[in-house]
Amino acid sequence: MTEDTKFHHGDAVKDVAPIVEMKDIEKHFGNIIALAGVSFDVKPGECHCLLGDNGAGKSTFIKTMSGVHKPTKGEIYFEGQPMSFDTPRDAMEAGIATVFQDLAMIPLMSVTRNFFMGREPTKGKGLLKRFDIEHANEVCMEEMRKMGINLRGPDQAVGTLSGGERQTVAIARAVYFGARILILDEPTSALGVRQTSNVLATIDKVRSQGIGVVFISHNVRHALAVGDRFTVLNRGKTLGTARRGEISPEELQDMMAGGQEMAELEGSLGGTV
Amino acid sequence: MTESAQVAVDERIKKEPFLTKLMKRPELGAIAGAILVFIFFAITADETMFTLAGIMNFMTPAAQLGILAIGAALLMIGGEFDLSIGSMVAFAGLFFGVCVVTWQLPLAAAIPMTFVFAAFVGAVNGTIVIRSGLPSFIVTLAFLFILRGLSLVGLKAATGGSTQLRGVRDQVENDWLAPFFSGEAFGGLFSWLAEKGLIDTFKSGAPKVPGVPVEILWFVAFAIAATYVLLRTPAGNWIFASGGDRVAASNSGVPVNRVKVSLFMLTACCAALVAIITVIDAGSTDARRGFQKEFEAIIAAVIGGCLLTGGYGSAIGAFFGAIIFGMVVIGLTYTDFDQDWFQVFLGAMLLIAVLFNNAIRKRVTGER
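Residue numbers (the UniProt record's numbering), protein chains in the order written: chain A, 1 to 273; chain B, 1 to 368.
No lab work stands behind these hints: they were computed from the structure.
Only true hints are included.
What follows is a list of derived Cβ distance ranges for each label pair:
(1) A/Glu26 - B/Val247: 21 to 31 angstroms
(2) B/Ala32 - A/Glu79: 50 to 60 angstroms
(3) A/Asn150 - B/Phe186: 50 to 60 angstroms
(4) B/Gly133 - A/Ala36: 25 to 35 angstroms
(5) B/Thr333 - A/Gly126: 39 to 49 angstroms
(6) B/Val124 - A/Gln101: 34 to 44 angstroms
Think of the CB as a built atom: it goes at the ideal place given N, C-alpha and C, for glycine as much as any other residue.
Work out the full structure, taking the sequences as your base and the hints as a guide.
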């Protein structure tokens, strides 16, 4: 896989220190071992894809990274310093932003109110301290325009946006609030072709600003379209990290599915999966 | 940049007519309803209903309910219910009565103590809901009975067997704080207007309406404050967010639990305010105070555009919802209709409001 896709404009990041490095992370829930020694790192300006089938431990892993879970074992380094996040808020403040599948968007609220939810800009002092809605509207329109989405108005309800647009709002929000690492949890899984392209293009824009993107997916083609590096999770373990161009879609697919059974299935489906 | 020159023009978006925009306001239903009810009574009711005295007459119960309804609306927007506010009125009334009559405290101590006490009960309510993860409906239903029962038991204990505690008026008559919580405001203005012949007077020359009942002022001030908080402060955004989707809100850094518990405390304080005003006004407190007010307050909030699922609604809507309520309950006495039509009317209004709100919600979210 050496050809360049239209989404890939990032340069291969080689000798830059990673922003986040996670070493041999283990996470147990009671007697269930969800993660059994996963190592992963993200460098600025790269898109690192985390691939895996359902139940592989992707969600547990990113929740560990974003401070929702505490690892049972293993170390997390943030810019070289050992780090332990107690709450998602700590991780957010350090610059690790997560766009979860449910997007943390409220359909009945306007785009602006969603964009600034929990981090409203204020003006005035004391009792007169208030939500600076004009400023918020301006910023929101501007940030969305940068991502290539023209809103009807800042008071448009999020419920009226398409899935891809909502995804973009969530990404734009994370970027605006100073994300250094952006974790995207299956951002393309529920989207149509056109909307998927938009989201992939957005990922490329974000990466070119020097933000490290962690792209979680079980769709090899989407991952290959933007990814710089690829890590495959299977049954709570990493099966290694490959650079762009070092691995073929078929190999990735096989690793995700755990090889053999998939080969059989694929045979019966005529290689269409 | 030619690209930025063609901003915001999407050929698939039709220009929005003014009416459609208006339709998206949550309080529209309540305002339209208030106008309809007004027209109805303007036709059917005795003309004295819309004289100054008549207006004060229906605005007073509207205000007492409205203070509760706005609190209920904020809580509903925050995604929770409180069925115990009616009982809370009785319970806070009991506490206030005991402070004033039994302990002989001045209002300057009794009123803050009543608010603190109510806020505490609200916090207990809220904390149980949040910690247990149970629907607030069921937890506050329990408190509806617990508080009503405690009010009865407490009253009997305080009075030695009676369910009414008298003697509040004698205690507070000369208290400097009393005018803020009872009687009428702007008395001077009204007698001046009467002198000038601008408002109706009795034969003695005293105005028929001696002033604006203070609860109406509290009601209006609270509606304005609640609207400001909802629309123009970060806390307002948090209330909408907590009610819209608590997981999404807390993932975005909104302190959802704190918001919800605060709202429970606020509704309890609203109940306490109504208790203080009505107890001073009546001069006594009894166990039936605030009976079924929880339903009326929630109905007023729903008529005002609050969704039962939370995350949507307005304080202005609840304001008009309460006025509709007051107009109907008092207005029927000015007509030839049997007063008991009131309940039928109330149920019908609720049903229409819910259907209407549902349609509006679909419109706002573009749901199909």
